[in-house]
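Engineer: Chains as they are written, first to last, in my numbering: chain A, 6 to 292; chain B, 862 to 1055.
It is worth saying that the hints were derived from the structure and are not from the lab. Hints are supplied without guarantee of correctness; some may be wrong.
Claimed, not checked - One side of the interface only, derived from the structure: several residues of chain A facing chain B at Cβ under 7 Å:
id: 1; residue: Leu121
id: 2; residue: Val124
id: 3; residue: Val204
id: 4; residue: Ala207
What the hints assert, rightly or not - Stretch by stretch, here's where chain A covers chain B in the computed footprint (C-beta under 8 Å, at least three residues):
id: 5; stretch: 885-894
id: 6; stretch: 937-946
id: 7; stretch: 983-995
id: 8; stretch: 1029-1035
These figures come from a predicted structure and were not determined experimentally. The beta-carbon is built from N, C-alpha and C at its ideal position, and this holds for glycine as well.
Now for the letters of each chain:
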Amino acid sequence: MSEKRKGALGLPADTPLERFLNGIVVENPTTVLVLGMCPTLAVTTCAINGLSMGLATTFVLALSNLVISLLRKVIPDTVRIPAFIVVIASFVTLVDLLMQAFVPSLYEALGVYIPLIVVNCIIFGRAESYASKHGAVPALFDGLGMGLGFTCSITIIGLVRELIGAGTAFNIQLLGEGTIVPGPVGAFLGMYTPVSIFVLQAGAFLVLGTLMATMNRINRKRAEKGKDVSKYKSGGCMNVDMEIPSKDKKEDKKEDKKEDKKEVSAKEDGKDDKAEDKKEEKEEDDE
Amino acid sequence: MNVVGQLISILIMSSLINNVVLSQFLGLCPFLGVSKKVSSAAGMGGAIIFVITLASAVCGLLYKFILVPLDLVYLNTIVFILIIAMLVQFVEMFLKKFVKPLYEALGVYLPLITTNCAVLGVALLNVSNEYNIVEGIVNGFATAVGFTISITILAGLREKMEYNDIPESWKGTPIVVITAGLMAIAFTGFSVLR
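Turn these sequences into a full structure, and let the hints steer you where they fit.
Structural biologist: Laid out in structure tokens, this is it:
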């Protein structure tokens, strides 16, 4: 958005459609901004859990963005962090109660991670960096787009883990014994043995690590072609977390963290510049 | 005696078997972010132990004596997150004023903890597991110890990995995440203690 009034994908900035697509494609919170890693890892044991967690987060994100945007002129600057937290936490409580009432089985499966949407950095990050500075309509669509982008990514991660780890997709047996695919193809797929480590905790880390490495590689390639990759960063919620204390007159302590961050970004720059021996690494990525 | 046994079992469960980072994925941000050096990892661990223990005590008291009698249990998420944010600020001010050495050791890490999902996670888990206040405090302490154990191990590994030849795309966070995955496999072994 450096150019004047030009947003993502060449659309005019801050229109609903531009914001919507920006969240899903251009600034996808999981794969591009690398935010909200805790739920990404914790609930993606199967695609359904990922999908419902994503939708719950979308709901909270869109509505809290809307409300914060509407209140942005009312909330004094000094107390905006607690104010945002209260807004977000209210919507999370709403989702929590709604899910408890209408989809108890999902509520059981997601457990403590539903209330923990409160501390999901995506929501706070969007409230702070977008909703508190823009009007209600773009903010709402920004929330929707970001939320759906998050939903897509974690559903896909969940699908991959479920497929490799249990041979199912959305609880339908595709691979391994009892596959629903008929005929010789089914017989072939039936030979698959699920790698159950992928539905265990360790699998989450392995899948995420591979995803991040793939993103790194794509970014390096883009950098080679001379495209702007400054939006891309890796390192998770730290990027947002570090900004939060700084607002509470804690400059002195922030310093230390800032240096850390600089180091990281410096390293990444170096990494982006190098980019050689692509073929070899492609094999690495593929595994 | 039974009470002590119960507490010890919570201690082992929360610190090793259900390790907060490697099996529950709470507090991943500092886990990946502050694990470059063993010394800073240990500092972070110390701060986390301090804050989580305190926060689970305060949240436990609050839940038992305010939220339950007033029938406001459904507000626990809002109340806990605000209390934790406030508590961290307060602890920081208190330490700065009265316990200088501790402040110098932990001060840098305290502001980072406010939004750490582990703190809120423990408070909420204490409620959903129906722990009483003492059990809640022990659970908080054990969870934080588990965090410290895993972050210190990861920092040690990362210090060694500095000199390794890692494929270009995997440098930085990806390889750290993979390392955490291997640690998670190792920690699965603790589940036989159950």
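Engineer: Run every hint past the structure and note whether it holds.
Structural biologist: Tested hints:
Taken as an interface hint, Leu121 of chain A checks out: its beta carbon lies about 5 Å from the nearest beta carbon of chain B, inside 7 Å. Interface hint status for Val124 of chain A: upheld, as the beta-carbon distance to the closest one in chain B is roughly 4 Å, under 7 Å. The beta carbon of Val204 of chain A comes no nearer than 12 Å to any beta carbon in chain B, farther than 7 Å, and the hint placing it at the interface is violated. Evaluation of the Ala207 of chain A hint against chain B yields a held restraint, the C-beta minimum of about 4 Å falling below 7 Å.
Closer than 8 Å: that is the beta-carbon criterion, and the stretch 885-894 of chain B has 9 residues meeting it against chain A, so the requirement of 3 holds. Residues of the stretch 937-946 of chain B lying with their CB closer than 8 Å to a CB of chain A number 6, which satisfies the three-residue condition for coverage. Counting residues of the stretch 983-995 of chain B whose beta-carbon sits less than 8 Å from any beta-carbon of chain A gives 3, enough to reach three: the coverage restraint holds. Counting residues of the stretch 1029-1035 of chain B whose C-beta sits closer than 8 Å to any C-beta of chain A gives 7, which meets the bar of three, so the coverage hint holds.
Of the hints listed earlier, the one the structure fails to meet is number 3.
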